[in-house]
Amino acid sequence: MTEPIRLTLYICGETIRSQNALRALDRIRITLGEACEARVVDVVLNPAEAELVRILATPTLIRDHPPPTRRVVGDLDDLEQVRRILNLPNQAS
Amino acid sequence: MKQPSVNEIEKQSTGIPGFDLIAYGGLPRGRTTLLVGTAGSAKTIFSIQFLAAGIEQARQGAVFVTFEEMIGDIRHNVSGFGWDIARWEREGMWAFVDAAPRPLDDGEVVGAFDLGALLARIEHAVRTVNAKRVVLDSLGAVFTRLGEASILRNELLRISAALKAMGVTTIMTAERENDEGPLTRQGIEEFVADNVVIVRNVKDGERRRRTCEVLKFRGAYHQKGEFPFAILPGAGIQVIPLSAIELRQSSSELRIPSGSGDLDDMCGGGFFRDSIVLVSGATGTGKTLMCTHFLNGGLMAGERCLLFAFEESRQQLFRNASGWGVDFKSAEESGQLRVVCDYPEVASIEDHMITIKQVIEEFKPDRLAIDSLSAIERISSDRGFREFVIGLTSFIKHGEIAALFTSNTPTLMGGSSVTETHISSITDSIILLRYVETFGEISRGVMVLKMRGSFHDKEIREFNIDGTGMHIGRPFRNMTGILAGNPHHVTTSEADRLEGLFTEGAR
Chain A
1 MTEPIRLTLY ICGETIRSQN ALRALDRIRI TLGEACEARV VDVVLNPAEA ELVRILATPT
61 LIRDHPPPTR RVVGDLDDLE QVRRILNLPN QAS
Chain B
94 MKQPSVNEIE KQSTGIPGFD LIAYGGLPRG RTTLLVGTAG SAKTIFSIQF LAAGIEQARQ
154 GAVFVTFEEM IGDIRHNVSG FGWDIARWER EGMWAFVDAA PRPLDDGEVV GAFDLGALLA
214 RIEHAVRTVN AKRVVLDSLG AVFTRLGEAS ILRNELLRIS AALKAMGVTT IMTAERENDE
274 GPLTRQGIEE FVADNVVIVR NVKDGERRRR TCEVLKFRGA YHQKGEFPFA ILPGAGIQVI
334 PLSAIELRQS SSELRIPSGS GDLDDMCGGG FFRDSIVLVS GATGTGKTLM CTHFLNGGLM
394 AGERCLLFAF EESRQQLFRN ASGWGVDFKS AEESGQLRVV CDYPEVASIE DHMITIKQVI
454 EEFKPDRLAI DSLSAIERIS SDRGFREFVI GLTSFIKHGE IAALFTSNTP TLMGGSSVTE
514 THISSITDSI ILLRYVETFG EISRGVMVLK MRGSFHDKEI REFNIDGTGM HIGRPFRNMT
574 GILAGNPHHV TTSEADRLEG LFTEGAR
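So the sequence lines, in the order shown, correspond to chains A and B. All residue numbers for the first sequence refer to this note's numbering, where the first residue is 1 and numbers rise by one. All residue numbers for the second sequence refer to this note's numbering, where the first residue is 94 and numbers rise by one.
Next comes chain A alone, as it looks inside the complex (with noise of 0.2 Å):
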């Protein structure tokens, strides 16, 4: 048994970006199956957590498990490089 992989996102408003992000995290999803369980958060509706986890820039997505938490920015058009950046597998295992 792999451990879970927790991701998050941060998204800005239904912007084209946040579409584009949203379809990025559900690809890596579908790649990653069960092992993944993935939150999106719309900072223009809870400002509050973007405060508190710091987001600058939207669409931000994050790692958050297994630590070290990791960060991406933008929305995610190359999915090879996220999945580099982020240190996820190609599948699930």
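Check before you lean on any hint, since a few could be wrong.
Stated by the list, open to error - Far from chain B by the CB rule (all over 10 Å, computed), these chain A residues:
| no. | residue |
| --- | --- |
| 1 | 27 |
| 2 | 37 |
| 3 | 65 |
| 4 | 66 |
What the hints assert, rightly or not - To list a few chain A residues with every Cβ distance to chain B over 12 Å, as calculated:
| no. | residue |
| --- | --- |
| 5 | 4 |
| 6 | 6 |
| 7 | 34 |
| 8 | 38 |
Said to hold, decoys possible - Part of the chain B face toward chain A, derived, beta carbon under 10 Å:
| no. | residue |
| --- | --- |
| 9 | 190 |
| 10 | 191 |
| 11 | 192 |
| 12 | 193 |
| 13 | 195 |
| 14 | 201 |
| 15 | 202 |
| 16 | 203 |
| 17 | 206 |
| 18 | 208 |
| 19 | 209 |
| 20 | 211 |
| 21 | 212 |
| 22 | 214 |
| 23 | 216 |
| 24 | 221 |
Quick caveat, the hints were computed from the structure, so don't treat them as lab data. Here the structure is a predicted model, which is why all the values come from computation and not from measurement. Virtual Cβ for every residue (Gly too), placed ideally from N, Cα, C.
Based on the hints, put chain B in the right spot on chain A.
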């Protein structure tokens, strides 16, 4: 001061003494002002003083967005200025937006992004403390962290517009590389800069000189040019508005005693109530004594007197004064006199200026003596000193105070000093004290060189100093060249002949 009021954009006081004067009221309300300066040019202090003024003067909430310094450091660093940020946070008057860099934040960039999260956080903070003033410090740091300059410029423009829509007055700071040349490395000024203020920390000789300048206020008036400022513990920034002070004081016809009956006679009946007198002479010619007489004259007339002494210690001054029969000690105890002794080197010229102003404002003297200006000149560049003298004299004139400054001439015989060239046109009267060598003996000469708006004695008179002070005697007859520092004796017949040439000189 001309302060146009028609259709002018409303201003928000910065709480920075002097700055509101040169900015005609403060920063444009509801707008964004870009504050640029090199590292260490006091941008953060300026910004926080602006926020503090909102809280202290009008209970306006404040939001501070930090891109560089850690919040704990900011709280700690400005506590010395009397700004208790932690208390304001507890009172719900102050909110931080923490955008300071941390090793694991940001990460890498993949694809397009915006600063929507930052804007949402700022908006949230503004709502939370009901802020009217916002500071973003400093923008350059965002560019180094996220790259993508074109995106960031657009985003800053968007944030600036959003802040405007919220009706808050904003300062954005940005670092520049040099005190001259381009305003910011990233060209931020082209976007957010309806209003630009520059702070500088320029090396001037061996000293650093801080100045600030309002470069532009769109649709609003301001004074132009650089103005020196100082940073004072417990108070923050104080700008010294030089030309902003207008010479609008009424000119008085009232005469006051100079403290010496003989000198009163030479001046045609005493000094004017609101005049500035410069006493110039070599070391030991009696300048400090003349100060003492001047102050004593004030004390006798029941006036409040103030002395700034930069050359002698308190004990020395008081001892010498009592040697001449003037009791400074009891005068100070009664509150009629205040003596401030300081070494010029302990502070910068701007700091001295502010101290002098503060004491004058607090003590409200009728008479003021500074002994000597040359000592101040020693610690300053030419330009700094000129600004000091102009600023101080206009301030004194504003308060309608009779003032006497002394100035040291570098040579024993004759000569002039830089001090004189700077201030002789500003002062109303000039009294020269000179050594005169006659037949192998040194005596002292006094003359009134200039006395604005009054008849005065044109003769060079001998004067003596004894246990009761100074005594002005007869004019030097049969001598020429005293002023030039090269006196020589002329025979009686020649003196008579010369006198006959100038009938106007007969008195």
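Results of checking the hints against the structure:
no.	hint	in the structure
1	27	holds (13 Å)
2	37	holds (20 Å)
3	65	holds (14 Å)
4	66	holds (14 Å)
5	4	holds (20 Å)
6	6	holds (16 Å)
7	34	holds (25 Å)
8	38	holds (17 Å)
9	190	holds (7 Å)
10	191	holds (6 Å)
11	192	holds (5 Å)
12	193	holds (8 Å)
13	195	holds (7 Å)
14	201	holds (5 Å)
15	202	holds (5 Å)
16	203	holds (4 Å)
17	206	holds (4 Å)
18	208	holds (6 Å)
19	209	holds (3 Å)
20	211	holds (5 Å)
21	212	holds (8 Å)
22	214	holds (5 Å)
23	216	holds (7 Å)
24	221	holds (9 Å)
Consistency note: the structure conflicts with none of the earlier hints.
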